[in-house]
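Model the placement of chains D and E on the given structure of chain Z, informed by the hints.
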Amino acid sequence: MSTDLLEEAARLRRGLPDDVGDRIVESLYTDATRLAETSVDRDGAASRLTVDRALDRVLTHRVWGFVAMGVLFFAVFWFTIAGAAVPSDLLYVLLVENGHAWLLDGFAAVGAPWWVTGLLVDGVYLATAWVIAVMLPPMAIFFPLFTLLEDFGYLPRVAFNLDRLFARAGAHGKQSLTMMMGYGCNAAGVTATRIIDSRRERLIAVITNNFSICNGRWPTLILMGTIFVGAVVPPALAGFVAAGAVVAVVILGIGVTLAVSWALSRTVLRGESSVYSLELPPYRPPRILRTLWTSIIDRTLKVLRRAVVMAAPAGAVIWLVGNVHLGDASVAAHLVTALGPIGWVMGLNGVILLAYLVAVPANEIIIPTIVMLTLTLGAPAAGAAPGVMLELGDDAQIGTVLVTTGGWTLLTAVNLMIFTLLHHPCSTTVLTIWHETRSVRWTAVATLLPLALGFVVCASVAGVVRALG
Amino acid sequence: MATPLPTPGVGRTPEPPDAGGACASCALAPEATRLARLGLDPGRYSHVVALAGNPNTGKSTVFNALTGLRQHVGNWAGKTVARAEGGFSYGGVGYRIVDLPGTYSLLSASADEDVARDVLLFGRPDVTVVVVDATRLERNLPLVLQVRQITGRVVVALNLVDEARRHGITVDVRHLARELGVPVVATAARRGEGLPDLLAAIEQVATTDDPPAPLRLVHHDPELERAVATLADQVAARFPSLPNTRWVALRLLEGDPGIEAAVRDGSLGDQAAPTVGAAG
Amino acid sequence: MTLDELPRGDRAVVTALDIRGGARRRLMDLGLLPGSAVHAEMTSPLGDPTAYEIRGALVVLRREQARAVHVEPEGR
Numbered sequence: 439m440s441t442d443l444l445e446e447a448a449r450l451r452r453g454l455p456d457d458v459g460d461r462i463v464e465s466l467y468t469d470a471t472r473l474a475e476t477s478v479d480r481d482g483a484a485s486r487l488t489v490d491r492a493l494d495r496v497l498t499h500r501v502w503g504f505v506a507m508g509v510l511f512f513a514v515f516w517f518t519i520a521g522a523a524v525p526s527d528l529l530y531v532l533l534v535e536n537g538h539a540w541l542l543d544g545f546a547a548v549g550a551p552w553w554v555t556g557l558l559v560d561g562v563y564l565a566t567a568w569v570i571a572v573m574l575p576p577m578a579i580f581f582p583l584f585t586l587l588e589d590f591g592y593l594p595r596v597a598f599n600l601d602r603l604f605a606r607a608g609a610h611g612k613q614s615l616t617m618m619m620g621y622g623c624n625a626a627g628v629t630a631t632r633i634i635d636s637r638r639e640r641l642i643a644v645i646t647n648n649f650s651i652c653n654g655r656w657p658t659l660i661l662m663g664t665i666f667v668g669a670v671v672p673p674a675l676a677g678f679v680a681a682g683a684v685v686a687v688v689i690l691g692i693g694v695t696l697a698v699s700w701a702l703s704r705t706v707l708r709g710e711s712s713v714y715s716l717e718l719p720p721y722r723p724p725r726i727l728r729t730l731w732t733s734i735i736d737r738t739l740k741v742l743r744r745a746v747v748m749a750a751p752a753g754a755v756i757w758l759v760g761n762v763h764l765g766d767a768s769v770a771a772h773l774v775t776a777l778g779p780i781g782w783v784m785g786l787n788g789v790i791l792l793a794y795l796v797a798v799p800a801n802e803i804i805i806p807t808i809v810m811l812t813l814t815l816g817a818p819a820a821g822a823a824p825g826v827m828l829e830l831g832d833d834a835q836i837g838t839v840l841v842t843t844g845g846w847t848l849l850t851a852v853n854l855m856i857f858t859l860l861h862h863p864c865s866t867t868v869l870t871i872w873h874e875t876r877s878v879r880w881t882a883v884a885t886l887l888p889l890a891l892g893f894v895v896c897a898s899v900a901g902v903v904r905a906l907g
Numbered sequence: 005m006a007t008p009l010p011t012p013g014v015g016r017t018p019e020p021p022d023a024g025g026a027c028a029s030c031a032l033a034p035e036a037t038r039l040a041r042l043g044l045d046p047g048r049y050s051h052v053v054a055l056a057g058n059p060n061t062g063k064s065t066v067f068n069a070l071t072g073l074r075q076h077v078g079n080w081a082g083k084t085v086a087r088a089e090g091g092f093s094y095g096g097v098g099y100r101i102v103d104l105p106g107t108y109s110l111l112s113a114s115a116d117e118d119v120a121r122d123v124l125l126f127g128r129p130d131v132t133v134v135v136v137d138a139t140r141l142e143r144n145l146p147l148v149l150q151v152r153q154i155t156g157r158v159v160v161a162l163n164l165v166d167e168a169r170r171h172g173i174t175v176d177v178r179h180l181a182r183e184l185g186v187p188v189v190a191t192a193a194r195r196g197e198g199l200p201d202l203l204a205a206i207e208q209v210a211t212t213d214d215p216p217a218p219l220r221l222v223h224h225d226p227e228l229e230r231a232v233a234t235l236a237d238q239v240a241a242r243f244p245s246l247p248n249t250r251w252v253a254l255r256l257l258e259g260d261p262g263i264e265a266a267v268r269d270g271s272l273g274d275q276a277a278p279t280v281g282a283a284g
Numbered sequence: 002m003t004l005d006e007l008p009r010g011d012r013a014v015v016t017a018l019d020i021r022g023g024a025r026r027r028l029m030d031l032g033l034l035p036g037s038a039v040h041a042e043m044t045s046p047l048g049d050p051t052a053y054e055i056r057g058a059l060v061v062l063r064r065e066q067a068r069a070v071h072v073e074p075e076g077r
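Residue numbers (my numbering), protein chains in the order written: chain Z, 439 to 907; chain D, 5 to 284; chain E, 2 to 77.
If you are wondering where the hints come from, they were derived from the structure by calculation, not from laboratory data. A hint or two may mislead.
[Unchecked claim] Under 8 Å between C-beta atoms, here's a sample of chain D residues computed to sit facing chain Z: (1) 60; (2) 119; (3) 141; (4) 145; (5) 146; (6) 149; (7) 150; (8) 223; (9) 237; (10) 239; (11) 254; (12) 256; (13) 258.
[To be verified] In silico negatives: residues of chain Z with every beta carbon more than 12 Å from chain E: (14) 497; (15) 582; (16) 601; (17) 678; (18) 686; (19) 687; (20) 694; (21) 743; (22) 766; (23) 836; (24) 848; (25) 873.
We put the CB at the ideal spot given by N, CA and C, even for glycine.
Chain Z on its own, in the form it takes in the complex (with noise of 0.2 Å):
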């Protein structure tokens, strides 16, 4: 009898126009515009405050637009390196040093046995402290100040002002915000894709956040090109390349980003683009306390989290591969080996490859992981530990360890770059990515892809240099 009910509607619906839908939304605007009409006195009322009118001219402005963007984004960011610097350092002597220090004094009183100590102190405790003293401080600083720019009401601009270049791109105008998160974290990015409503562009804002580069990959960037990139001009350049060797591959990254962007709109995810809707905000002055305590509650406690989860296991895996081994050598060594090869081909070498590989819960381990896999296999008498991630001194030493003993070359930093651009994404993103597609097979796609461009774009670096000898 409930289809009875269906029915009969069908039936009335037949009788009356079809646009009937669209009547009944109007009357009731129409409705709505009445009574805010008698309830509402804008006789005092500029159309838009003077303030809100002047900044935005400046704000989207055919040159200052740009250059206002630049400044604030490239502040935000000196902000976060520079700040973290010091805080980082206090908390990599704290945790790192003494902290391991402690651990190993107090498992050796109780008499733990070499492998429990090894597993968890060097393993486990010390991939941990390690994520946390190099992601928090950055991180602490990154979201607050990112935060101030959303609430301030300046993010919906950024999104007006790039708009076009994403929709030829065939993307959604608000992709440009989510790859703005993106750059303090490729998990908060992607979470943050949810206010695109259409799944297809969803998806693309998804799949590309990976290159946006985020906080746990900037330190490889920076080092490699402070100390490879940097070098090779005299040392009055030496900071400005090294800072325009970063910067390049940023803008690599943008441009990656609209070019995946436009393939998948034009291929696999062909569709409609969906309407568009934006609204920009009027500008609010940011209360910066009340700010600080929710952005250092609501993500930087958050993504902390979930990256210390995942390092404590790495940190496990890492002390394995190096202490377990069959044959006459550590597994580790036998990876090397093996991925050796292929990191050949890519221009870069089976150490990298598998601290890529053991480091997939987090970019931040990567350089310790290489410099510890590097120590431990390239010159056993080197002093380290095997599996032992050391405690790093200057920039120049990991250089000259990298080059003396790992064979590095700049072609190995240039491709090392890329491939901090381009490979998949740390396991918490994928975990995230996961989450909200609620797809394997996207999850697999935004993983796989960038880790395909990666192979073929540092696979042909490598190929032309060697070629050009």
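Relative to chain Z, chains D and E alone:
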């Protein structure tokens, strides 16, 4: 999917919310003694409050102010996507509050609108608070009218009145309340302004035995009006417990798939028990 | 004329929406319905989209959306 968020504080603390928390600056003064935070323990609430509103109206700020939670609230449309739930206690009575996704309407044009619509229709909250932006009321009223077509248990929180003042806009709250037939409370949730009145209005609507009937919007098209009336009678005959037959009839005339499904499986009639947590 | 042709800084009143279904509703959600006053406030530095002031809000429309909105320019 409910998002279990950490909920500080416990039941009926006869003291103002702890200083240093989100409400340190709230103007909750005397009424604050009646407000306390609750977790999601189902035994501790006796009323369900749904929080609806357009994107970027300060809905999450209202939610945070009531529950003491600290969902981040950005200044752009459409950030609250996961539905958040929290609890608070007012006057010794527990309330569970469900933050619906920010939507412009309930016409089933997106997944968010479906979630919001289903909670209101099938969850039958005891109170629906519609948060509206005082600076752009005409953009917000369509949603208010749609909610009012579904239920009479509504409180309108006219939020961002501080911003409206700054822009030289004044809203005639009494006129609005009279036209809508439900309480309208001016608030500035960011500063805690108006929250005591909002709480009092929520309590009043939650406890009344005689809520206003759902709003009847007249359609100026006689043909349409006749069709709606005919169908509404049949809906009433089929689902006698349904308060909002006219609205359901309108949705059926439009061929709303969600409502058609609810008719087909009879769930439209099972509105007796609040099942807020299960929807969406 | 259609809204996309409205010069920046000019005002107009919406006369009709030349679009059906969901997209029409989305425009109405944004406050665009016959009788609404619109003001072409600013255009993106890349030439598209344009932000219109509609009923107290600044709403961004891409050119192909604005093309569906018929307007009557206000005499200046």
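Non-conforming hints, listed in increasing numerical order: 2, 9, 14, 16
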